[in-house]
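Protein chains in written order, with the UniProt record's numbering: chain B, 1 to 333; chain P, 1 to 251.
It should be emphasised that the hints constitute simulated quantities derived from the structure, not laboratory data.
A few of these clues could be false.
[Unchecked claim] Derived list of chain P stretches under chain B, where covered just means 3 residues or more per stretch with a C-beta under 8 angstroms from a C-beta of chain B:
1. 104 to 113
2. 116 to 128
3. 168 to 174
[As the list claims (entries may be wrong)] From the derived model, a few chain P residues whose C-beta atoms are all more than 12 angstroms from chain B:
4. Ala15
5. Asp20
6. His21
7. Gly58
8. Lys65
9. Arg77
10. Ser83
11. Phe93
12. Leu101
13. His149
14. Arg190
15. Lys193
16. Asp204
17. Asp213
18. Arg214
19. Gly227
Predicted, not measured: the structure shown is a model, and the values here were computed from it.
Ideal Cβ positions, reconstructed from N, Cα and C, are used throughout, including at glycine.
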Amino acid sequence: MTDMTDATRVTAAATRPALSGRVKAALTLFVLFALMPPLASALNDPFYVLIGTRILAYAIAALALDLILGFGAMVSFGHAAYLGLGTYAVAILSGFGINDLLVQILAATAMSAVFAAVTGAISLRTRGVYFIMITLAFGQMAFFFFISLSAYGGDDGVALASRSTLLGMEVLKTDFGLYYTTLVMLIGLFFLCHRITKSRFGRVLTGIRENPTRMEAIGFAPFRYQLTAFVISGCITAMAGVVLANQAQFVSPAFMSWHKSGELIVMVVLGGPGTLAGPIAGAVAALLLEEWLGALSEHWKLFFGLFLVLMVLFSPNGITGLLKKLGFGEKQK
Amino acid sequence: MTALTVTDLCKHYGALKVTDHVSLDIAPGEIHAIIGPNGAGKTTLIAQLSGQLGSDSGRVALDGKDITHLSMPERVRLGLARSFQITSVLPGFTALENVALAVQARQGSSFRFFGTVAAERALNAAAMEALHEAGLDHRAQIPARSLSHGEHRRLELAIALATKPRVLLLDEPLAGVGGEDAETFVENLRRLKGRLTMVLIEHDMDAVFALADRVSVLVYGRIIATGAPDAIRSDPEVRAAYLGEEEQEIA
C-alpha cells in the first residue's frame with residue numbers, strides 16, 4: 001500500500017510541470033506577435049500590421065479547428081462556414097446600426113452554436129471520410145445560402161463602412177488597435193482551449209479519439225462529448241470571422257468557400273494537430289508563405305503544394321514535430 | 001434473485017445462428033465460466049450481454065431489471081462491465097490515465113471544462129486501487145502502448161474493475177498469457193471472488209476449473225450443458241463436443 005501512495009504522489013508531481021512545452025511555445029509566439037507591429041513601423045512597413053491581423057485571425061480559427069481535429073479526430077471540412085457566419089454577423093448587424101464588437105461576437109457565436117449543433121448532430125452519425133464529406137456538404141450549403149442573399153451583395157459581398165467599436169470606443173479604428181485586440185483574443189482563446197484539453201471533458205474527448213469502443217465500454221456515450229466540442233470549435237471560429245470582417249472591411253461568401261476550409265485544415269496539419277500552439281504556428285507559416293510565394297510567382301500554389309508534400313513526408317507532426325526532432329518542446333505523450 | 005438473467009437470447013447472421021436460445025441464470029457472487037470450441041459464439045454472446053451488439057430476440061436482466069434495449073454505456077452505469085478478448089485500451093494514455101477515465105465515468109460530471117483532471121486526487125487514488133487489484137500498480141505511469149501483452153491483459157482487468165461493476169464480463173482475460181504470469185493472474189481474479197459476479201470466457205481449462213463455481217458449455221450458439229466443474233468434466237456429451245477434442249489434440 002505504501003507503493004501505492006508513493007505512486008500517487010509521483011502522478012501529482014508529474015502532471016503538474018511548471019509550464020508545459022505547449023504553453024512555452026505558445027508564449028514565445030505571443031511575445032513575437034506583440035513585438036511585430038513596433039518592428040514593422042520601425043522598418044517603415046506598417047502594411048504588415050494588417051497582414052498580421054489576418055494571420056492572428058486565422059490562428060484563432062486554426063486553434064479552434066485543432067480542438068476537434070487534433071483532440072477529437074473530427075476532420076471538419078466545413079469550418080469556413082463559421083468564419084463566414086462571423087463575418088456576416090458583422091455585416092448584418094452593422095446594417096441595423098449595431099457596431100459593437102462584443103455584440104457582434106455574441107451574435108456570431110450564437111448563430112454558430114445553433115448551426116454547429118444542428119449540422120454536428122447529423123454529421124456525427126458518420127465517421128471518417130463520411131464525416132469529412134458531410135461537413136463539407138453543410139459548409140457548401142452555408143456558402144450558397146449567403147451567395148443567394150442579395151440584400152448583402154450576394155456573390156459580390158458587401159463593403160463595411162467602418163470598423164466595429166469596442167464598448168463604444170473606437171479602439172479598432174487604427175490597425176494597431178485592431179491587431180492588439182485580436183492578439184488579446186487569441187491569447188485568451190488559447191488558454192481557454194488549453195484548459196479544456198487538460199480538463200475532465202478534454203480527457204474524455206481525447207479518449208474518444210484514441211478508442212471510441214473502449215470509451216463506450218467504460219460508460220461514455222461519445223456523441224454528446226463530440227458534439228459539445230464541435231459546437232465550442234464552431235463558436236471560436238466564428239470569432240475569427242468577426243475579426244476578419246473588420247480586417248478586410250469587406251464581407252463576401254468567399255470566406256465560406258471550401259478552399260478556406262481546406263486552408264484551415266492545412267494550417268492545423270502543418271502546425272501539428274493536437275498541440276494547440278502548433279496550429280497557431282501553422283497559420284503563420286501558411287499565410288506568410290502565401291504572401292511571399294505569391295509575390296514571387298503567380299503559380300505560388302505549386303510551390304506551396306511542394307512544401308506541404310515535403311512537410312508531410314519528413315515531419316508528419318508538422319512544425320511541432322520538426323521542433324521536437326531538433327530537441328525543443330515537450331516529450332510526446 | 002439472480003445477478004444476471006439471460007432468457008432465450010438469439011442472434012443470427014442470415015441463416016447462421018450465432019446465439020441460439022441461450023438462457024443463463026447467474027447467481028450473485030458466482031464465477032460462471034462459459035467454455036466452448038472456437039467459433040461457438042462466446043464473444044458474440046459477451047457482445048450481446050454488454051450491449052455492444054443488439055439481440056434479435058430474448059431478454060437480458062441485471063438484478064431483475066430489464067436491460068435488453070440499453071446501450072453499452074447505459075449498462076456500464078448500471079454495473080455491468082466487460083473486458084475485451086483483444087486488448088482495447090487508449091494507447092496514448094498512461095495505465096493510470098486509462099483507469100482514471102473509467103473512474104471518472106462513474107464519479108461526477110465529465111462536462112467540466114476547467115479544473116485539471118490529472119490533478120484530481122480522488123480519481124487517481126481510485127485508479128491506483130484498481131491497478132493494484134489487477135497487479136499493475138507499479139507500471140501506472142507507463143503509456144499503455146509501451147506495456148507488454150501480459151500487462152495489457154491486467155490493464156483490461158483494471159479498467160473494468162474501476163467502473164465498479166456488480167457483474168463483470170471477462171472475455172478471455174488470460175488470452176496469450178502463459179506460465180507463472182497466468183497463475184498470478186488467476187490469483188488476482190480469485191481475490192475478487194464473492195465481491196462481484198463474473199462471467200468468464202476462457203480457453204485455459206486450468207484457470208476455468210480453478211475459478212469457476214459453475215460452467216456452461218456453448219457449442220454452435222447453444223448451451224449444451226451447465227453445471228459444477230466436476231460434473232461438466234465428466235459429462236459425456238461435453239467430452240464429445242469439446243473437452244475430448246482438446247484431449248485428442250494434446251494426444
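Against the structure, the hints:
no.: 1; hint: 104 to 113; in the structure: holds (count 9)
no.: 2; hint: 116 to 128; in the structure: holds (count 9)
no.: 3; hint: 168 to 174; in the structure: violated (count 0)
no.: 4; hint: Ala15; in the structure: holds (28 angstroms)
no.: 5; hint: Asp20; in the structure: holds (25 angstroms)
no.: 6; hint: His21; in the structure: holds (26 angstroms)
no.: 7; hint: Gly58; in the structure: holds (21 angstroms)
no.: 8; hint: Lys65; in the structure: holds (16 angstroms)
no.: 9; hint: Arg77; in the structure: violated (5 angstroms)
no.: 10; hint: Ser83; in the structure: violated (8 angstroms)
no.: 11; hint: Phe93; in the structure: violated (7 angstroms)
no.: 12; hint: Leu101; in the structure: violated (5 angstroms)
no.: 13; hint: His149; in the structure: holds (17 angstroms)
no.: 14; hint: Arg190; in the structure: holds (20 angstroms)
no.: 15; hint: Lys193; in the structure: holds (21 angstroms)
no.: 16; hint: Asp204; in the structure: holds (23 angstroms)
no.: 17; hint: Asp213; in the structure: holds (25 angstroms)
no.: 18; hint: Arg214; in the structure: holds (25 angstroms)
no.: 19; hint: Gly227; in the structure: holds (30 angstroms)
Checked against the numbered hints above, the structure violates hints 3, 9, 10, 11 and 12; every other hint is satisfied.
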